Structures are given as C-alpha cells and as structure tokens.
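Visitor: Here are the chains, one letter per residue:
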Amino acid sequence: MDFAFTKEQLMFKKEVIRFAKKEIVPRVQEHDLNKEFDFESFRKLGEFGILGLHFPEELGGGGADVITTVLAGEALGEAGVDGGLTLALGAHTFLCADTLFRHATDAQRKKYIPKLASGEWIGCMGLTEPDAGSDVASMKTTAEKKGDKYVLNGSKIFITNGPIADVAVIYAKTSPELKHAGISAFIVEKGTPGFSSGPNIIKMGVRTSQTSELFLNNCEVPAENLLGKEGDGFNMSMQTVEWDRSALLAPFVGASTYMLKRCAEYAKGREQFGRSIGQFQAIKHKLANIRIFGEAARSLVYRIAWCKDQGRPLNHLEAAVAKLFVGDWSMAPANDAVVLHGGYGYCHEYDMERIFRDSRLAPIGGGTSDIQKMIISKLM
Amino acid sequence: MNYDFTEKEFTFFVQLHELMQAFTSANDPEKEDTAAIGQTTRGALAKLAETPYLSLGITPQKDLGLLSLMGAMEVLAALSPSLFLSVEMSTRVFGRSIQTWGNADQKAKWLTPLLAGKLVGAVALSEDALNVENEPLKTTGVKNGDSVVINGNKQYVVNGPIADWLAVAGMLDGKPALFLVEKNTKGLVLENRMATLGYEGTAMAGLRLADCTIPASQVLIPAQGQASLGLLRMWENQVILGASLGLMKAALEAAKNYAKTHKSGGRPVIAYQEVGFKLSEMLTLVQTSQLFAYRAAWIASDNPKEAESMTLCAKVFCTESAEQVASNALQILAGAGFMSGNVAERAYRCAKYGQIAGTSTEIARVKIGDESLGARLS
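Heads up: the sequence lines are chains H and W, in that order. Note that our numbering has the first sequence beginning at 1258, numbered continuously upward. Note that our numbering has the second sequence beginning at 6, numbered continuously upward.
Hints in this document: simulated from the structure, not taken from any laboratory. Please read these numbers as outputs of a predicted model, since none were measured by experiment. Treat the hints loosely; a few may be bogus.
What the hints assert, rightly or not - Simulated crosslink set (DSSO-like; lysine-lysine; CA at most 30 Å straight-line):
id, chain 1, residue 1, chain 2, residue 2
1, W, Lys265, H, Lys1436
2, H, Lys1264, W, Lys67
3, H, Lys1635, W, Lys265
4, W, Lys13, H, Lys1264
5, W, Lys310, H, Lys1518
6, H, Lys1264, W, Lys261
7, H, Lys1635, W, Lys67
8, H, Lys1525, W, Lys310
9, W, Lys310, H, Lys1635
10, H, Lys1402, H, Lys1486
As the list claims (entries may be wrong) - Where chain W lies over chain H, by a calculated footprint (3+ residues, C-beta under 8 Å):
id, segment
11, 1519-1529
12, 1548-1556
Glycine included, each C-beta is placed from N, C-alpha and C at the ideal position.
Required output: the full structure, derived from the provided sequences and hints.
Guide: Right under this line is the structure:
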C-alpha cells in the first residue's frame, strides 16, 4: 500500500486552492444568501479546466487521471467553495458530461463535450421522479419510438442544474413493462419543444445550485439521441456511481479541512474568561473530532478513485461504505464547527452555518444512507 | 498511490493466520492462570519466530515494513487479543526500546533472544496515573560506582508477572532512562496480578523497586530525552491500533455469521433491517478503521515526523469504533453474545482498554486539538 500523491498532483491541488480562493470564494456567501447560481464562477471553473479535467485534451478536457480529478474536488472544498457550486459541477461533469462521453456517438461527443468542458454549456441529469427515488425501476417517464423519433412524457424532480441546463441526460422507460431493463437514456437539449423546467426549488443547503423539476410533454427527440441501446439506461446511471462516491464526496473531505482551519483561527482569536477559547479542552475536543473525520474519510474516497484509475470495476461494497461514512459521519463535525463559533456560528456572516446546511445533503443525495446500508447488508 | 497489499504480504498474512490459528486452537490463550499465560506466550513466541513477524518494525525485512506489520497485527489480534497484547508489549515495545536505544552489546544480549522467541519482555512506564504526559517520572536511578540503584513504583505493567526482563522507565541524572531489570532481581517486588475487565489472558501487575541494584550496563539512555516517553507511547498506540482492528474483525465476523444462519420468522435475521443495517454500520467502521490504521502505519515509515499526529487520530477513531462494533456485535448475537467467552463479549470488554491505555482518547484529543491550533507535537 502507498497513500502518497505524486508531486504533480499535490502541486495541482495547491493551484486549485489558490485559484478558488481568489476567483470563487469571495462571492460564495452572497450567492448563498441570494440562492443564486454563480455563473461567473462556473465559467471560471471551465477556464481553469476543472469542468472537463478527466476528458481527453482533443475534446477540450485536461486528460487528467481520476485521482487528480478527485483532488480538484477536495481542493475546492478546502478553499471554502460552497457545496452548491461543487454539486453543480458534479451534476454537470460527472452525471451529464461523463455519461455523454461514455455512451454518445463520436459526433455527439464532439458536439457536447467541448462545450461542457469549457462551461459554455451547462449539463444536468434527470433520473429521480416524484414517485421514483431510490426505487429507480418504478419510474413513470416513458419514451415511445415513433418513426425516427422518440416521444418522451413524464416529469423529473430534484434535478441539479435543471433550471439552467443547456443539455440533459434524461432517463425514461422504453419498455414500461420491464423494470430496470426497460430504462433508456436520451440526450435532450434545452429548447426542445415539450421540454421545460420548473422554478428553482428552495433548499436547506447547497443553495447556489439550482434545483428543479423537469417536464417532458410529448417531447420529441431524434432517434440518434438515444444513448447506447434501449434498455442500457439503468447500467449507465449506475456507472455514475463511481464518480458519485469519489469526486462528489471529495468536496466534503475538503470542507472538513476548511472547517478545521476556520475553527482554529476563531478559537485562537476569541477570548472568554481572560483567555482564548482554544485553551479550553472542550474546544480542542471539537477541533480533534473535525480533523479525525477528515482523515478517516479521505482514504475511503481516494480508494474508489484509485481503483477507477486502475481500470477495475466498481466495488459496490467499498463505494457504499465511502458514501455512508461521509454521509452519516460528517454531520457531527459540521455541528461541532457551528457550536464552536457560538452565536456567530449560527449567523450567515460566518460560513459555518452554510457548511452545516450544505453537509446535510451528504446522507441524502446520490442514494440515502439507508440505501447504502441496504446495499452493504445485501453484499455482506 | 496503491490500495493493495502486495502478494508477499498476503501470503505472509495467510501463513501467519494458519500457523497461529492452529496454535490458539491447541492452546487456549485466553486462560486466566498466570503460569498458563507464561507458557502459552512462550509457545506463541517460538512459533512466531518461525515467521518474519517478530522482526517487523525492529530489523529490516525484505518487502515487509510497518504497514505489513499493521496487517499482521490485525491477523493475530483477531485470533486472540490477550496473546496479541502479551506478544506485542514484549516484542514491539520492549524490543523497539532495545533496538532504538541499545548499544551493540545490549542488542546482542536482549534483542537476539527476543527475536528468536526465547525471551519475554515488559515495559514499566505508568506510575500513579496511567498517563505520564503531565507528570515527570518519579522512579529514579542513582549511580553507585558501576551500579545503579533504582527506587519507585510502577502500575499496569503488561507481562509484568511473566517477563524475563523488564524495562523500567525512570530518571537518571535528570534525564529519562530505561533500567533493564531481570526478574527475581533483589529489590524488584511484583505486586499481585491485577484482575482486569478484558484481556484476562494477559498478565498485568504493578511493581515496586526498593533499592533495586543493577549494573550500569543495563541502562538505556534515550537520545531523544523527554521525547522518548512520547515514542514509547506511540509504539504502545500502534499496538493498540492493531488490537482494535483485530477485535473489530473478530466481532464483525461472529455477528455476520450468526445473522446469516440464525433465523427468525423463517428468514435469516440479516434480512431484517434492524440487524442488516447494524452490520452495515459495523462494516463501515471496520473498513474506515483499517484504512486509517494502515495509513498511520504508512506515514510512520514514510514520514516519521507526522507519525505521532496521525497515529493519535487513528487511535481515537479505531479504539472508539472497536467498542461500538463490539457492542453491536454483542447485540446482534443477543443471548449468545451475552455469554462469557463469546468473541463479541470478549471484544466488548477488551475494547475499553484501547481507549485508556497508551495515550488515552482524552489526552489524544487535546494533543490533536493543540496541533490544529499550531502547536508542534513532541
């Protein structure tokens, strides 16, 4: 075993932190308060190369390995970038663009990947429905083939980037009588007749990400917009799990480092009873817990990334363990960080309350903790 | 980066498991009788000397390092926590003291038989309290010609009642020293063996040194001064990390097997979410602890300056996880888990030791917090 990053990877991480602190972090709090997507930051992420880091250079990507890609996510969290922007990045790059990269035709790749990698276009993925969350196979959205077109009908919910996306990967049943095997994936562009989004849903956290319903009302797409073959959709959606359990979890690991630094700064500067509160063991206890969580979670996340770099099929047990740990065990340190800041921790001026709200998504999004436990207990 | 053990490490772990499973099946290492503990420990050391196990972390081994040691510790601790603790406190803590601070003659005298599995050692560190972090050692040696006269009291000495040699930590000329005292030396008085919550197959006792006289050649003077006590604690902490992994592994395995075979309402109980989800949380803690402990071991060999901090973080997490995993295992095993001698029940009792011994979780958290605030450890 060897847990070392290469020098290049570590240098890149530092660069991302420097970039994010300068170009993104100064606007985070304002956008969170206004529940607005930060288009400028997203464009800058594209210019820096983060949106398409792992795609080939000829498609506008950075040609990076998975570990470097995951490191970028950790670096954004460590710099203080909010969970809303990193979630938007995740939905855009991994749930949408990566699915297109893997399953679209060459012509479609050339059409979409450069635009998505640069941030010129924003992508989203529509899987969840009002009555089909963890139970994906119960989805009701249908895609009926009519000549050289598919006609899509149905609705999606909780779609990150839904209101702002230029292109979506939409999952629909081409064979409604079948369960998982009846699901297919389609490319649907913004402006396609019959395709629309609802207003931004106000959420507890990750507020700068825009979340909405998507509506498909006799929405016709060309037959070539079917990704892969009919019935391949479920497996495609499962392939995003590798990214979901590594690159999308990495910002939470980075956020724990950010919290630790901010909490330590506050504890050193805040005086009560004639001394800095950092001298109280109860404060050190909280700092220790935040550090321990970050160190514990880090290896779980990078194990998934390393295995992917090795070309190994996803180990679903290890992936579920990583998701469950980051999801459930990140709550306590985020809470500690708020409490350590006292009244200030409860106020928006100090970003601990935002991180606390952003963290709350970890045990819910991308498969709840209960679903992870179902997976683990079945695989045991 | 590489998240796999090497083939050589895997082969070593399998061989170690087979060898020591056969040994622990034939010799119950969890017996409480002191004489039996001494006999079993010596028998185990002789067996382990057939493998690279005893030398790991002490003398360089081709393709096997500190990370291999952590994996091997997990194997042995899962088979018998008590035997593991006896072996490790002798080999790794006593042995590393000699290796690190001994001269050539001292290494020949103590390290050679130790690595051959022919010597049982103990380190006597703790005094009035279990921790030595905030109090200077009261045990003192005074030079008298070519001899040193030692006076002091020690507590909780693992292997105290069965050790051939004891390394007693104390002060000499105002600096920390380790006094190597042979059993039965005049002035060395072993107190009655302690009855403990867990690790009942490990012999632990306090000792008194009343004008105990040893030749000056039996004194180790650590070059690191006061920091040497921190190093001793770190070695203990690494042993406790290995113990925690083993306890969790054994408890999880027992609970999982039971949940798959024990039926309720016509279904194995693992099919019920109350049980299956508990097992999922346990597995999550086990896997997270494993990676944490392996990473701490890797840092110890790759970047020793960072080792103390990461070891403390891992120790807090792994020891607290061990108690939680053992508790849940006991719960899943239900009535069977509550019966004495059960793997989960034993792990539950032993797990508490890990949070108290070495650097306690309270002191560890204070140190980790101090480091976050900018303090340097050691």
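Visitor: Would you mind marking each hint as holding or not holding in the structure?
Guide: Cross-check of the supplied hints:
1. W:Lys265 with H:Lys1436: 28 Å, holds
2. H:Lys1264 with W:Lys67: Measuring from Cα to Cα gives roughly 27 Å; hence the hint holds.
3. H:Lys1635 with W:Lys265: 11 Å, holds
4. W:Lys13 with H:Lys1264: 28 Å, holds
5. W:Lys310 with H:Lys1518: Holds. Lys310 (chain W) to Lys1518 (chain H) sits at ~21 Å (cutoff 30 Å).
6. H:Lys1264 with W:Lys261: 42 Å, violated
7. H:Lys1635 with W:Lys67: 40 Å, violated
8. H:Lys1525 with W:Lys310: It holds: about 24 Å lies between the C-alpha atoms, which stays within 30 Å.
9. W:Lys310 with H:Lys1635: 42 Å, violated
10. H:Lys1402 with H:Lys1486: 13 Å, holds
11. 1519-1529: holds (count 4)
12. 1548-1556: Holds, because 6 residues of the segment 1548-1556 of chain H bring their Cβ atoms closer than 8 Å to Cβ atoms of chain W.
Going down the numbered hints, you'll see the structure goes against 6, 7, 9, while the others check out.
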